[in-house]
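Listed below, chain by chain, are the residues.
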Amino acid sequence: MQKFNTLKSIPAYLPIVNIDTDMIIPKQFLKTIKRTGLGKNLFFEMRYDDNGKEINDFVLNQEPFNSSKILIAGNNFGCGSSREHAPWALLDFGITCVISSSYADIFYSNCFKNGILPIILEEEKIKELSEYANRKEEISVDLNDQKIIYGNNEIKFEIDPFKKKCLLEGLDDIALSLKKSDKIQYFENQLKNKRPWIFND
Amino acid sequence: MSTTLYDKIWNDHLVDQQEDGTALLFVDRHLIHEVTSPQAFEGLRNSNRKVRHPNLTLAVADHNVPTTDRTKGISDEESKIQVDTLESNCKEFGVQLFGMDDKRQGIVHIIGPEQGFTQPGTVIVCGDSHTATHGAFGSLAFGIGTSEVEHVLATQTLVQKKAKNFRINVNGTLPLGVTSKDVILQIIGKIGTAGGTGCVVEYAGDLIRSLSVEQRMTICNMTIEGGARAGLIAPDEKIFEYLKGKPMSPKGENWEKALEYWKSLKTDADASFDKEINLNANEILPMITWGTSPQDVITIDGKVPNPQNEKDDDKKNSIERALKYMGLTPDMAATDIKIDKVFIGSCTNGRIEDLREAAKILKDKKISSHVDAIVVPGSGLVKEQAEQEGLDKIFVNSGFEWREPGCSMCLAMNADKLKPEERCASTSNRNFEGRQGRGGRTHLVSPGMAAAAAISGNLDDVRKYQN
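The listed protein sequences derive, respectively, from chains H and P.
Per the working numbering, the very first residue in the first sequence carries number 1140; after that it's consecutive.
Per the working numbering, the very first residue in the second sequence carries number 5; after that it's consecutive.
The hints are simulated quantities; they were obtained by calculation from the structure and are not laboratory data.
The structure displayed is predicted, hence computed values, not measured ones.
Some clues are possibly wrong.
[Stated by the list, open to error] Sample of chain P residues facing chain H (criterion: CB under 7 angstroms; computed from the structure):
1) 161
2) 262
3) 372
4) 374
Idealized CB from N, CA, C, for every residue including glycine.
Based on the provided sequences and hints, a complete structural model is requested.
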């Protein structure tokens, strides 16, 4: 997994609430057996017209937002299905940081497995940051110090320490859990006695 | 200390409490399907890892499969690759698969209970958000992403943070024609699509206890639409009776041991909840969704909202956007909404009781001439049972098409989809923009309401057709 440390970009602002995973990546693109290549279809329905032409009004079709690495969006971002194709599509497009006032649980946790930092801020701070998108000015994100730097201002954000560590170091969850094989084995042995029907033995 | 049902299941699956507040949780049952698993198996292969417990894993292809004649296989090349990939992955890693020609094939959340793979007190995961369905059995069941699917395959555990306890009590009795689908739509309307975020919901109250096992599944299924990852109901005699003798249920001495454990699975009387709400079942009416979020609900005798009545700008914009997408005018009556299609099926409402409920309304009636309607049974076994009861004939005689099992038009990954601006009364779970096809307009309803809409040609009150 790609490490996340600091990031500087003009943010793109999508002022829509409840952006669901069907909007982020519609189902016709879930038929892939790979993790990559989804970026061109990110926000497909909003981004292209019926003839497959880019819709100029849509923010990610406009310069400089078509190369934004930071997306600012309305609350409850990523609601709906568990499809990890949603963070894969964001990542493939080049977005590695999302800023919203809230996220759906599964999407939130999927971001961290893919090197994407989802930041939670209060609505009013989001409005403030969105001004930088409107003015096409860069903002910076510093994960280690847990802060966003914009103009002469800073906002601190909260993040779970373990999730932070994994992002900073690009750690693979599975390798970490496999280090606990002894504990898993011990649990399974106990389980075979306590609830033998679980293993169908 | 007094604990909730969720606390008890959590505690019984704790492999390791980690310093950062997360926990390593043992997973008893892992369901997989073709859409969210290929990248997980690829990950295993790339790092030379095995599936730790193939016998705790069950696979089925459901999202991509055609619901029409299957003898010629899948014509869509990409869908075929995904289904074939699932098959070869299952063979390589030794996982049991219900293939497309197996009569046990069906929607992953329907086959789990049907086979007795789903059991009380277990932790069940699947790369699909509607995994919450299995909570009806008193299990902790939730959807996970593909990286987590890989994690479970490799370790049979999952890294989780404990959620909050949220209890929703529903007491009273439901009026005639009102179903568990209306109950859950009412709940989502009340709490909103983010109302349950960070929580596990326990459904309780005498109405919930009075529901059949399948009706409970409909409620737990849509828990995710209220933002909570899991919803559960304490198991009781109805659950034990349902599971007895199922192919994968515990047998003999194990059945007795399991039963003893299952009976202990309930929230202590004085356990406390972080959040709690109460609903009166007597006041619930048949519901429809008018907009593009499952929280956009009104009763069938209600009116579409008017954005002018909304003071909050964000909410006003969101209503305007939804009305525009749905092609509706403010203040129009729900029963004036004319429909083009009807879809009965999905993991929400594709079980035998759902089909019976719709068939009861359709018996000896014809659907409206401008309506195209399909029934997609949730599994091969549901289909077989329905055919034994003659339900297929009722559907076909009324003008419905009778299809092969799968997810079908719930998410329109196969050939079953809406055309732009087509309007559908659907028993599925999501009315998002484009969910049932680009530009398609979805109204979520119960199976009886879907049948009523098919007959009338517009959204209509199922109580009109009750005998």
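Hints, one by one, checked against the model:
A hinted interface residue such as residue 161/P counts as satisfied when its beta carbon comes closer than 7 angstroms to some beta carbon of chain H; here the least separation is about 6 angstroms, so the hint holds. Given hint, residue 262/P at the interface with chain H, holds; its Cβ is 5 angstroms from that chain's nearest Cβ, closer than 7 angstroms. Interface restraint check: residue 372/P against chain H, minimum CB-CB distance 28 angstroms, threshold 7 angstroms, status violated. Evaluation of the residue 374/P hint against chain H yields a violated restraint, the C-beta minimum of about 24 angstroms exceeding 7 angstroms.
Hints 3, 4 from the list above are not met by this structure, while the remaining hints are.
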